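S.K.: Chains as they are written, first to last, in my numbering: chain W, 25 to 380; chain L, 25 to 380.
Mixed in with the good hints there might be a few duds.
Copies of the same chain look alike in the list, so a pair counts if it fits in one copy or across any two.
Claimed, not checked - 25 Å max Cα-Cα, derived DSS-like pairs, lysine-lysine:
#1 Lys128 / Lys340
#2 Lys42 / Lys202
#3 Lys128 / Lys237
These aren't lab readings, by the way, just hints derived from the structure by calculation.
As the structure is a prediction and not an experimental result, all values here were calculated from the model.
The primary structure of each chain is shown beneath.
Protein chains: 2
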Amino acid sequence: MASNYTENFTVEKCKTSKINDVDFDDLKFGSVFSDHMLVCDYKNGTWEAPKITPYQPITLEPSSKIFHYGQSIFEGMKAYKDDNGSVFLFRPTDNCKRLNISAKRLAMPELPEAYFIDGLKALLELEKDWIPTAEGSALYIRPFMFATGQGFHASPADSYKFIIACAPSGAYFSGQVKVLIEEQYSRSANGGVGFAKAGGNYAGQFYPTQLAKDKGYQQVIWTDDNTHDYIEEAGAMNIFVRINDTLLTVPTSDRILDGITRKSILSIAEAEGIKTEVRKIKVSELIEASENGSLKELFGAGTAAVVSPISGFGFKGQDYELPKLENTYGALLKKRITDIQTNKVDDPYGWRVKVC
Amino acid sequence: MASNYTENFTVEKCKTSKINDVDFDDLKFGSVFSDHMLVCDYKNGTWEAPKITPYQPITLEPSSKIFHYGQSIFEGMKAYKDDNGSVFLFRPTDNCKRLNISAKRLAMPELPEAYFIDGLKALLELEKDWIPTAEGSALYIRPFMFATGQGFHASPADSYKFIIACAPSGAYFSGQVKVLIEEQYSRSANGGVGFAKAGGNYAGQFYPTQLAKDKGYQQVIWTDDNTHDYIEEAGAMNIFVRINDTLLTVPTSDRILDGITRKSILSIAEAEGIKTEVRKIKVSELIEASENGSLKELFGAGTAAVVSPISGFGFKGQDYELPKLENTYGALLKKRITDIQTNKVDDPYGWRVKVC
Ligand SMILES: Cc1ncc(COP(=O)(O)O)c(C=O)c1O
Ligand SMILES: Cc1ncc(COP(=O)(O)O)c(C=O)c1O
Numbered sequence: 025m026a027s028n029y030t031e032n033f034t035v036e037k038c039k040t041s042k043i044n045d046v047d048f049d050d051l052k053f054g055s056v057f058s059d060h061m062l063v064c065d066y067k068n069g070t071w072e073a074p075k076i077t078p079y080q081p082i083t084l085e086p087s088s089k090i091f092h093y094g095q096s097i098f099e100g101m102k103a104y105k106d107d108n109g110s111v112f113l114f115r116p117t118d119n120c121k122r123l124n125i126s127a128k129r130l131a132m133p134e135l136p137e138a139y140f141i142d143g144l145k146a147l148l149e150l151e152k153d154w155i156p157t158a159e160g161s162a163l164y165i166r167p168f169m170f171a172t173g174q175g176f177h178a179s180p181a182d183s184y185k186f187i188i189a190c191a192p193s194g195a196y197f198s199g200q201v202k203v204l205i206e207e208q209y210s211r212s213a214n215g216g217v218g219f220a221k222a223g224g225n226y227a228g229q230f231y232p233t234q235l236a237k238d239k240g241y242q243q244v245i246w247t248d249d250n251t252h253d254y255i256e257e258a259g260a261m262n263i264f265v266r267i268n269d270t271l272l273t274v275p276t277s278d279r280i281l282d283g284i285t286r287k288s289i290l291s292i293a294e295a296e297g298i299k300t301e302v303r304k305i306k307v308s309e310l311i312e313a314s315e316n317g318s319l320k321e322l323f324g325a326g327t328a329a330v331v332s333p334i335s336g337f338g339f340k341g342q343d344y345e346l347p348k349l350e351n352t353y354g355a356l357l358k359k360r361i362t363d364i365q366t367n368k369v370d371d372p373y374g375w376r377v378k379v380c
Numbered sequence: 025m026a027s028n029y030t031e032n033f034t035v036e037k038c039k040t041s042k043i044n045d046v047d048f049d050d051l052k053f054g055s056v057f058s059d060h061m062l063v064c065d066y067k068n069g070t071w072e073a074p075k076i077t078p079y080q081p082i083t084l085e086p087s088s089k090i091f092h093y094g095q096s097i098f099e100g101m102k103a104y105k106d107d108n109g110s111v112f113l114f115r116p117t118d119n120c121k122r123l124n125i126s127a128k129r130l131a132m133p134e135l136p137e138a139y140f141i142d143g144l145k146a147l148l149e150l151e152k153d154w155i156p157t158a159e160g161s162a163l164y165i166r167p168f169m170f171a172t173g174q175g176f177h178a179s180p181a182d183s184y185k186f187i188i189a190c191a192p193s194g195a196y197f198s199g200q201v202k203v204l205i206e207e208q209y210s211r212s213a214n215g216g217v218g219f220a221k222a223g224g225n226y227a228g229q230f231y232p233t234q235l236a237k238d239k240g241y242q243q244v245i246w247t248d249d250n251t252h253d254y255i256e257e258a259g260a261m262n263i264f265v266r267i268n269d270t271l272l273t274v275p276t277s278d279r280i281l282d283g284i285t286r287k288s289i290l291s292i293a294e295a296e297g298i299k300t301e302v303r304k305i306k307v308s309e310l311i312e313a314s315e316n317g318s319l320k321e322l323f324g325a326g327t328a329a330v331v332s333p334i335s336g337f338g339f340k341g342q343d344y345e346l347p348k349l350e351n352t353y354g355a356l357l358k359k360r361i362t363d364i365q366t367n368k369v370d371d372p373y374g375w376r377v378k379v380c
């Protein structure tokens with residue numbers, strides 16, 4: 025099964041692996057990179073066949089549009105290894121579909137699904153020794169696409185590069201996360217690009233997040249840009265709220281990323297008999313629930329951190345603490361989803377994809 | 025005077041100039057690049073001294089944050105040459121200030137003004153033969169800054185590169201511009217990064233602009249993302265409206281770029297005795313004015329096109345034509361500003377800066 029993925033791809037292996045330089049017992053998130061990457065170029069209206077090459081620098085003209093007009097999108101995925109050394113992906117076609125949704129909104133060319141999926145599998149077969157197995161760790165996978173075409177005219181580029189790189193990674197957040205509910209800054213507009221995984225959406229978050237950090241918070245809860253009355257996302261994660269025994273999350277929109285962890289959590293919660301509601305959530309409702317004791321949990325959900333419990337939030341100079349519960353929905357759902365991802369339990373949903 | 029700018033800079037000249045390969049009688053906008061560029065690196069918390077090098081490719085790690093998190097900002101300026109061969113810039117410190125406003129919002133390091141201004145002057149002394157003199161043409165200057173620091177963690181980079189590159193350019197638009205007033209898409213959010221010259225703001229405009237082009241329009245008039253009732257910008261230009269004999273433009277905000285052409289036009293119009301008003305403008309007001317004949321002109325204003333007259337606009341499936349006037353404010357103001365830029369008239373404002 026293994027070799028047929030690679031048949032159509034040029035594979036240029038690195039001369040010496042860097043794997044022995046890496047301390048797998050002390051992995052940070054996304055800061056060391058594996059030996060190889062997948063590269064695919066778009067030129068003259070078509071995607072050329074993917075190549076696997078050593079992980080290596082990229083050379084670009086100063087006039088390449090990536091430097092000027094922000095045509096850059098990405099995805100974030102993980103590969104997991106089970107006790108038998110088998111390698112798995114989680115809902116990879118959803119990442120490919122979302123990449124192409126982002127591509128369309130940023131006027132970039134859509135990538136054929138086979139290039140994405142088969143390319144990724146071929147790459148992972150080569151990089152499987154790079155997949156860490158300690159709890160909370162995984163091989164973080166970063167597919168990304170950017171404009172290489174040149175010119176100082178504000179218009180879409182005529183050539184693009186798609187790359188998949190891999191980074192063996194430990195946990196994303198360490199420790200408790202206290203968040204600030206944003207009253208002034210926003211990450212996205214109605215009719216904007218918030219639903220796309222566009223590079224520019226992240227750069228725009230850094231400064232407000234820095235201001236929040238200076239006040240002692242680790243992340244920002246984004247609110248709608250018009251009224252700041254409704255919560256939207258938790259940093260670069262979707263947000264979940266537990267009020268009494270109901271698990272709430274906000275509907276996706278053109279301002280909010282359609283997270284794969286979010287939708288998986290909704291499915292698992294339902295299967296667990298947890299009552300879920302997808303509806304708009306007012307900041308005032310959170311505060312009221314916090315004050316009357318019905319607010320039980322608040323957590324972010326995303327590929328990097330899976331579930332990231334929030335210990336408290338700030339709003340208008342006031343701090344609100346979440347109760348310290350023993351058995352949280354967050355911990356339960358994180359375990360269920362991680363068990364599926366790492367092949368510890370059956371996967372009734374068909375989400376897990378075996379690579380090799 | 026000339027040489028003292030360069031004293032602190034390393035200057036590495038190119039071996040052979042490309043200037044004879046360029047057809048100066050047939051220049052497009054921003055598609056050929058001059059022989060040299062200015063490069064300045066930010067590392068370990070400081071900006072290193074600028075270097076002038078041959079215009080050449082840039083090599084980056086695949087994990088450089090420019091490819092992932094959109095930390096990229098730019099400026100757009102022009103250098104002009106008068107009949108005596110003297111070289112001029114137009115309000116260059118305003119571009120530097122705005123670059124640093126953009127930098128702050130994108131959590132990027134601010135660049136010392138001396139590096140920007142002196143660097144630019146040194147570069148222009150070297151590139152002065154590249155400045156075209158035909159009417160409507162100029163040396164377009166592109167200062168830009170982007171994240172070189174590495175990592176797949178969504179946080180600001182720890183290193184950056186600032187570059188100034190030059191492109192001898194002809195006129196930006198050719199022919200009449202018909203615009204579509206946007207009812208669905210938006211370029212910026214309240215509390216977002218619309219006021220910054222951030223790369224991501226431009227990529228987000230391409231798809232809606234493409235849809236407008238498919239319908240026969242060349243540009244989009246952006247409206248507020250909440251109601252789409254108010255006009256905001258004209259593509260990548262500020263917008264001006266003439267109703268009867270009053271020249272209107274909308275106030276800048278955190279959604280709108282504070283254009284240097286816009287504010288220069290406001291000053292010149294006042295000096296010309298043209299009544300100006302800076303206030304919000306409703307789409308419905310435009311349509312009413314078009315219908316009752318009081319709408320006389322509509323134009324975009326920006327460095328690239330200076331003044332770009334709009335011949336008509338579409339809204340909700342309806343087309344509205346602008347009258348064809350003989351003596352327009354647009355043409356008058358364009359002439360006045362261009363005459364100052366190219367040293368054809370006195371500059372009572374102190375905007376023109378002689379380089380050499
Ligand atoms: C803005 C934003 N929201 C939510 C998510 C969560 O999406 P996913 O669960 O697909 O990783 C991400 C990505 O991780 C994100 O960048
Ligand atoms: C979004 C936007 N608005 C307006 C302008 C006009 O600004 P300036 O007159 O400084 O060139 C620009 C840049 O040219 C722009 O990118």
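S.K.: If the cut is 25 Å between Cα atoms, do Lys128 and Lys340 qualify within a copy, between copies, both or neither?
M.R.: between (38 Å within a copy, 23 Å between copies)
S.K.: Please sort Lys128 with Lys237 into within, between, both or neither, judging by C-alpha distance up to 25 Å.
M.R.: between (34 Å within a copy, 16 Å between copies)
S.K.: With identical chains, the pair Lys42 and Lys202 could be close in the same copy or across copies; at 25 Å between alpha carbons, which is it: within, between, both, or neither?
M.R.: neither (37 Å within a copy, 56 Å between copies)
Hint 2 alone, counting from the list given before, is not met by this structure.
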